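Protein chains in written order, with my numbering: chain A, 1 to 285; chain B, 286 to 366.
Mixed in with the good hints, there may be bad ones.
[Said to hold, decoys possible] Per the computed footprint, the stretches of chain B lying under chain A, defined by three or more beta-carbons under 8 Å from a beta-carbon of chain A, are: (1) 334-340; (2) 349-362.
[Said to hold, decoys possible] With a straight-line cut-off of 30 Å between C-alpha atoms, the simulated DSSO-like cross-links for lysine-lysine are: (3) 30/A <-> 133/A; (4) 30/A <-> 326/B; (5) 340/B <-> 30/A; (6) 8/A <-> 326/B; (7) 340/B <-> 326/B; (8) 133/A <-> 8/A; (9) 122/A <-> 326/B.
Please keep in mind that the hints were generated in silico from the structure rather than gathered at the bench. Remember, it's a predicted structure, so these values are computed and weren't measured experimentally. The beta carbon of each residue, even a glycine, is placed where N, CA and C say it ideally should be.
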Amino acid sequence: MSVSGTDKALMQELLCVADTDWVLGHWYIKVMLNGRSLPDCTAFAGMGQDSLGHTRAIFRLLEDRLQLPEHQLEFGRQPEALHDLEALSRPPQNWGDFLMTAFLTECAVWRLFSTFLDGADKELAGMVKHFGKELYFHRLGLEGWMLAASDEECADMKQSLAERGAEVARWFGAEGAPDVLLESGVRTTSVADARAGFLEDAVSVITQATNLSEAEVLGYLPCETPEDWDTAKRKTAGATVPASLWEFMIPTDPDTVALRRPLAVSVDDNLDLVDRSEYAHADYA
Amino acid sequence: MGLVKQKTARNTMDWEYFEVFAREEADGPLFHLGSVSAPNKPAAVGQARMVYSEKPWVEMCICPRAEVTPVISVNDMIGIA
């Protein structure tokens, strides 16, 4: 099976969204018990469930189109092959850091994914529409918590913005980069417009939640990519998910693997999914 | 990945309660699903959508409990005292 340039670009782009949602979903699961009330904990559980559900739906779509075996993208990849957003690779340091990073990530994921909303790929467009209805409430819930932050949490949010803002903002890549998906009509909104929308969303909430001005917020969200930028994965070349986070996502510990059952597949069940030559055409790494 | 360890104590008693209602069918009745407590309306909307997502509701809304006007109440003898 040969994969066209457009299909390849679409796969890379969808993996950026899916892998980022995958990691973010695990953030929500980890942070869930830090909710401030039972409905709050339940809300984080729901957000984690949504994020992992979106991830798996995109994985199934790609596996179907690329004729990969089911679960290949979840269980058949090594962490180096992930297209996740780099800012999520370090664990949240405090409540303010968590809120700021999760909010920026949610805004970025939605803005990039929504470029396919009116595109020629109707199956994907329907998925975007469905996901968008759910992701709106993720952003709203996080926004509510940011607006209710204490002075101490507000200071933590500003520090988080200073430390991680640039990593999220550069996810949209360099300005003026060629885009075969836009040229082919698979996406109808350019990545530059998506980035502008992301900045608009971020500035709107962060200026209300902190005492930062619009110019100050934008200063923390520059459109600059490093020299070793991997355009396909939208992150620095060689950046990988930390081992501890990867173990949480794809556990290898026997007790944890047993707890995941009766999930249809696990790393132990399907070791032959990994790195088989007949799947080389996908070249998802 | 570590847990978020630093947590500022908050007085959750100050939070507002919101009652959550939803409709399963466009021409069906509006059900009272329960309530959420949140520091503000955006957080309450987010919580309500996440907590009460067990059915594909066609409509969901929240209302601050303080805005609910009692007609018959277990707590008050309305019209007498």
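Distance restraint between residue 30/A and residue 133/A, which requires alpha-carbon spacing of 30 Å or less
holds (24 Å)
What's the verdict on residue 340/B and residue 30/A, does the C-alpha distance respect the 30 Å limit or exceed it?
OK: residue 340/B and residue 30/A at ~26 Å, within 30 Å.
Holds or violated: residue 340/B and residue 326/B, Cα atoms, limit 30 Å.
holds (22 Å)
Between residue 133/A and residue 8/A, does the CA-CA distance stay at or below 30 Å?
holds (27 Å)
How does the region 349-362 of chain B fare against chain A when you require at least three residues with a CB closer than 8 Å, holds or violated?
violated (count 0)
Given the proposed pairing of residue 122/A with residue 326/B, does the C-alpha separation stay at or below 30 Å?
Answer violated: residue 122/A to residue 326/B is near 35 Å, above 30 Å.
What's the verdict on residue 30/A and residue 326/B, does the C-alpha distance respect the 30 Å limit or exceed it?
holds (25 Å)
Coverage assertion for the region 334-340 of chain B with respect to chain A, Cβ distance below 8 Å, three residues required:
holds (count 4)
Check whether the Cα positions of residue 8/A and residue 326/B lie no farther apart than 30 Å.
At roughly 42 Å apart (the allowed maximum being 30 Å), residue 326/B and residue 8/A break the hint.
Violated hints, in rising order: 2, 6, 9; the structure is consistent with all others.
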